[in-house]
Amino acid sequence: MLGKKGRAMRGNRDRPNTGRRMFLKGAGLTLTGVGLSSLFPTPFIHHAMAGPTSNKRLLYIFLRGGNDAVNTVIPHGDPDYNTTNRPTLYIAPEVAIDLNGFASLHPSLSDLMDVYNAGDLAVVHRVGYPEMTRSHFDGQVIWENGDPTNPLLFEGWLQRYIHEHLADGFGRFPAVGSPNSGVLVTGEQTYKIDVANPDNFDYGAYAGSPKRDKYRAGWRAQYEQLSLNGLYRSILSETEIKLQDAIDEYATWDQANWHPQDPVSADYLYPVDATTDPGGIWPDNSRAFFKNLKVCALSLLESDGLSPNGTRVAGAQFGGFDTHETQDESGFHGSLLAALGYGIRSLYLVLSGQANEPRGYPSIWDDTVIATMSEFGRTSIENGSKGTDHGNATVIFAAGGSINGGVYNADAGSWEPGALFGDEGRDLSEVTDYRAVFWEILRDHMGAEPLAADAIFPGYSLLGLTEPGIVGV
Amino acid sequence: MFTGWEVCKKTVADRDDPLAPCIDPIFGGEGRWTSNFNAANHDSGQKVLFAGTLYETIITDTTANPDEGFNDVQIALDAIVAHPSTPEFICWKLLRRFITDEPTQQMVDAVVAEWNLTGGDLREVTRAVLSAENLLDPDIVGEKIKSPQEHVLSAYRAMRGNTQIAQPFFLAYANLYNWMARMGHLPYNRVEPDGYPEKAPPWLGTNQFLDRQDYGMFAAADPFAYGTNITQMVADYGLDTAEKIVDFFAEVLLGGAITLAERARAIEYLNKDEFGNETPYDDARVRDTVGFLLGHAQFMER
Numbered sequence: 016m017l018g019k020k021g022r023a024m025r026g027n028r029d030r031p032n033t034g035r036r037m038f039l040k041g042a043g044l045t046l047t048g049v050g051l052s053s054l055f056p057t058p059f060i061h062h063a064m065a066g067p068t069s070n071k072r073l074l075y076i077f078l079r080g081g082n083d084a085v086n087t088v089i090p091h092g093d094p095d096y097n098t099t100n101r102p103t104l105y106i107a108p109e110v111a112i113d114l115n116g117f118a119s120l121h122p123s124l125s126d127l128m129d130v131y132n133a134g135d136l137a138v139v140h141r142v143g144y145p146e147m148t149r150s151h152f153d154g155q156v157i158w159e160n161g162d163p164t165n166p167l168l169f170e171g172w173l174q175r176y177i178h179e180h181l182a183d184g185f186g187r188f189p190a191v192g193s194p195n196s197g198v199l200v201t202g203e204q205t206y207k208i209d210v211a212n213p214d215n216f217d218y219g220a221y222a223g224s225p226k227r228d229k230y231r232a233g234w235r236a237q238y239e240q241l242s243l244n245g246l247y248r249s250i251l252s253e254t255e256i257k258l259q260d261a262i263d264e265y266a267t268w269d270q271a272n273w274h275p276q277d278p279v280s281a282d283y284l285y286p287v288d289a290t291t292d293p294g295g296i297w298p299d300n301s302r303a304f305f306k307n308l309k310v311c312a313l314s315l316l317e318s319d320g321l322s323p324n325g326t327r328v329a330g331a332q333f334g335g336f337d338t339h340e341t342q343d344e345s346g347f348h349g350s351l352l353a354a355l356g357y358g359i360r361s362l363y364l365v366l367s368g369q370a371n372e373p374r375g376y377p378s379i380w381d382d383t384v385i386a387t388m389s390e391f392g393r394t395s396i397e398n399g400s401k402g403t404d405h406g407n408a409t410v411i412f413a414a415g416g417s418i419n420g421g422v423y424n425a426d427a428g429s430w431e432p433g434a435l436f437g438d439e440g441r442d443l444s445e446v447t448d449y450r451a452v453f454w455e456i457l458r459d460h461m462g463a464e465p466l467a468a469d470a471i472f473p474g475y476s477l478l479g480l481t482e483p484g485i486v487g488v
Numbered sequence: 004m005f006t007g008w009e010v011c012k013k014t015v016a017d018r019d020d021p022l023a024p025c026i027d028p029i030f031g032g033e034g035r036w037t038s039n040f041n042a043a044n045h046d047s048g049q050k051v052l053f054a055g056t057l058y059e060t061i062i063t064d065t066t067a068n069p070d071e072g073f074n075d076v077q078i079a080l081d082a083i084v085a086h087p088s089t090p091e092f093i094c095w096k097l098l099r100r101f102i103t104d105e106p107t108q109q110m111v112d113a114v115v116a117e118w119n120l121t122g123g124d125l126r127e128v129t130r131a132v133l134s135a136e137n138l139l140d141p142d143i144v145g146e147k148i149k150s151p152q153e154h155v156l157s158a159y160r161a162m163r164g165n166t167q168i169a170q171p172f173f174l175a176y177a178n179l180y181n182w183m184a185r186m187g188h189l190p191y192n193r194v195e196p197d198g199y200p201e202k203a204p205p206w207l208g209t210n211q212f213l214d215r216q217d218y219g220m221f222a223a224a225d226p227f228a229y230g231t232n233i234t235q236m237v238a239d240y241g242l243d244t245a246e247k248i249v250d251f252f253a254e255v256l257l258g259g260a261i262t263l264a265e266r267a268r269a270i271e272y273l274n275k276d277e278f279g280n281e282t283p284y285d286d287a288r289v290r291d292t293v294g295f296l297l298g299h300a301q302f303m304e305r
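Line order of the protein sequences matches chains A and B.
Last residue of the first sequence: 488 in this note's numbering, with the numbers rising by one and none dropped.
Last residue of the second sequence: 305 in this note's numbering, with the numbers rising by one and none dropped.
Honestly, the hints are just simulated from the structure, not real lab data.
Fair warning: there could be bad hints in the mix.
Chain B stretches covered by chain A per the calculated footprint, using a threshold of three residues with CB under 8 Å from any CB of chain A [said to hold, decoys possible]:
| id | region |
| --- | --- |
| 1 | 41-50 |
| 2 | 56-67 |
| 3 | 79-86 |
| 4 | 160-170 |
| 5 | 285-299 |
Computed far set for chain A versus chain B, every beta-carbon distance over 12 Å [said to hold, decoys possible]:
| id | residue |
| --- | --- |
| 6 | Pro145 |
| 7 | Thr291 |
| 8 | Ala427 |
Just so you know, even glycine gets a beta-carbon here, dropped at the ideal spot from N, CA and C.
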């Protein structure tokens, strides 16, 4: 029975060139499925056909709201960083953590020093792209879709990376996001699993009853046979099927009963409740962030190349960085940074096999890169509300066994006078393009085929960008 | 420009004056929640809009007269309204809100024409957006995915949901609130100031599916906790066979867009128990079948 929503009459309508099709045309190389690979005997395709050779992982943390890079990695060597420009937000060198005699970490980031001292943390300052937008919405999409010319493109560069390298041993769940993967792993195909509520990633209705199997099987059949004649039908269909597969796989990870501890202090590395955070040190938003990171860590630890989930990309979101008002009162920005620092250190201990945990996961630290991002930095001058407004360049932390640790773009040699106001006399100017950072990670760490650069970051080979050199080759 | 604006309670007489003093929200007597301009929190420096273009607008420094900073917003809005890109932008936004995530240039042009004809009369512009051509074109139906809030509330209405008949009465409200919170879509609660996404992809993760389907099954199956009333609908419409029940709810919930295979599956769902045995259906299984239909893709489409 076809009613008013029937699709039989549907015609082809021209749409704006905002979708994937535009890339396909430009790149001329993109696989639509592994089966087509033999039609394109290029080096890139040979690579794609080579089979499961890579077990590299990427874990990204998106700091939503625009992180104040200037107070995160403080350019104490620049005399413009002073109490005139930042009357209440200024952090003195004595309380900050010196990195290289020029730049210092916010005192709340002290947990990062274990990773930094191990030589596994790259601090890349002044990252952005030409004519950065000050809109949260556009800025976040641009960082995620990899194309500053098109903030309307809801297709992520990681989505395209996965798509281009599907034959390289990816399993059923190439990407896991908690609470979600954002636009980074969004596109016409469903490669991601989003775990919004780590404690509750399962159907709850009639839990434990055969009635649950009944509706699950019914929905699976409906979505497997779904007519794809509609704008979002293929996404709807793929998402449901992935969801049902993922629920079963996720249950085997049993995250609720996994509590890795610091090998020295015995502190819980994921303080998510009264048991694991007995002193009540961490606020609710930090606890939620840790729980999301725990899911991300498990998804990568459970993917050992033989695992059917084959997760290579994990992503967490952390919000609240839009610090327009009272940025440092009650340690507002500091609290967020403290959670970020502790979270990265916990990942370091857990992924490198140093944590005290009963399952004995082997180290995957050398196979993993953790990278942060944020849509923009903030104004170099404090505003009237004891906060900072939307600015320009921001900072990226990248950690992992293959990372060349150190400070990039924030030393006396690279930080020119006036840099703090180098963008429109207002904000920190950018030196390194975010696409150069992430393409370097994809190519040199994740094993992306060099010829895929333009398919992943549109027009990349013509941009002439300088990569920072953070990944050891 | 917008710094310094906040919400507070003022006396009824002062409600339209952004510079009037706030009153205590509890002990301050009768009043209204309204906007307030707090000059101490305003960035009073000079700002330049559309810098370097024909439409450059300078908002002057108000440091010497802090209260004048509240004019910044008016100046900015006037400049934005006067910018030639504004009609197309607004028309495109309205089309994307009501009709499709991907409006064509042709659709936008038609609405912009109405804007130009009426000098930007938003009532007439909206009428053009909601034209029969846009609303009834079979190519365009289903090009919007319901937001979580729309999903929760449309399912609730379709099941004759009434928070007042839930037991206890506040339970349904709490349940609906919790589902919207889980799906990340509580009204006016977006953490970042960019607003909730208008396009579908951010709302189409695996977890969204899980919550949407789970919610439908819970709300249909538990009339007491949710205040839904499917049983009464079955009685009111004389739905005395499995076929009539499925056809009725397929029309109500899915706009009738159900394939023969989907219809057969739903009828079987109603006629068989959870062990696959054909047994006479009862009220509970009717409710479960409605929950099952709510998990279909067609219900996620608007």
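Outcome, coverage of the region 41-50 of chain B by chain A - at least 3 residues whose beta-carbon is closer than 8 Å to one in that chain: Check passed, 5 qualifying residues.
Coverage of the region 285-299 of chain B by chain A (three or more Cβ within 8 Å): Holds: 5 residues of the region 285-299 of chain B have a Cβ under 8 Å from chain A.
Please check whether the region 56-67 of chain B has three or more residues whose CB lies within less than 8 Å of a CB on chain A. violated (count 0)
Closer than 8 Å, Cβ to Cβ, for at least three residues: run that test on the region 79-86 of chain B against chain A and report holds or violated. violated (count 0)
12 Å Cβ clearance of Pro145 (chain A) from chain B: Check passes; 15 Å lies beyond 12 Å.
Least C-beta distance between Thr291 (chain A) and chain B, which was stated to exceed 12 Å: 22 Å, holds
Are 3 or more residues of the region 160-170 of chain B near chain A, judged by a Cβ distance of less than 8 Å? n = 0 at 8 Å, threshold three: violated.
Hey, is Ala427 (chain A) genuinely clear of chain B, shortest beta carbon separation above 12 Å? Given that every Cβ of chain B is farther than 12 Å from that of Ala427 (chain A), nearest at about 30 Å, it holds.
Violated hints for the displayed structure, listed by number in ascending order: 2, 3 and 4.
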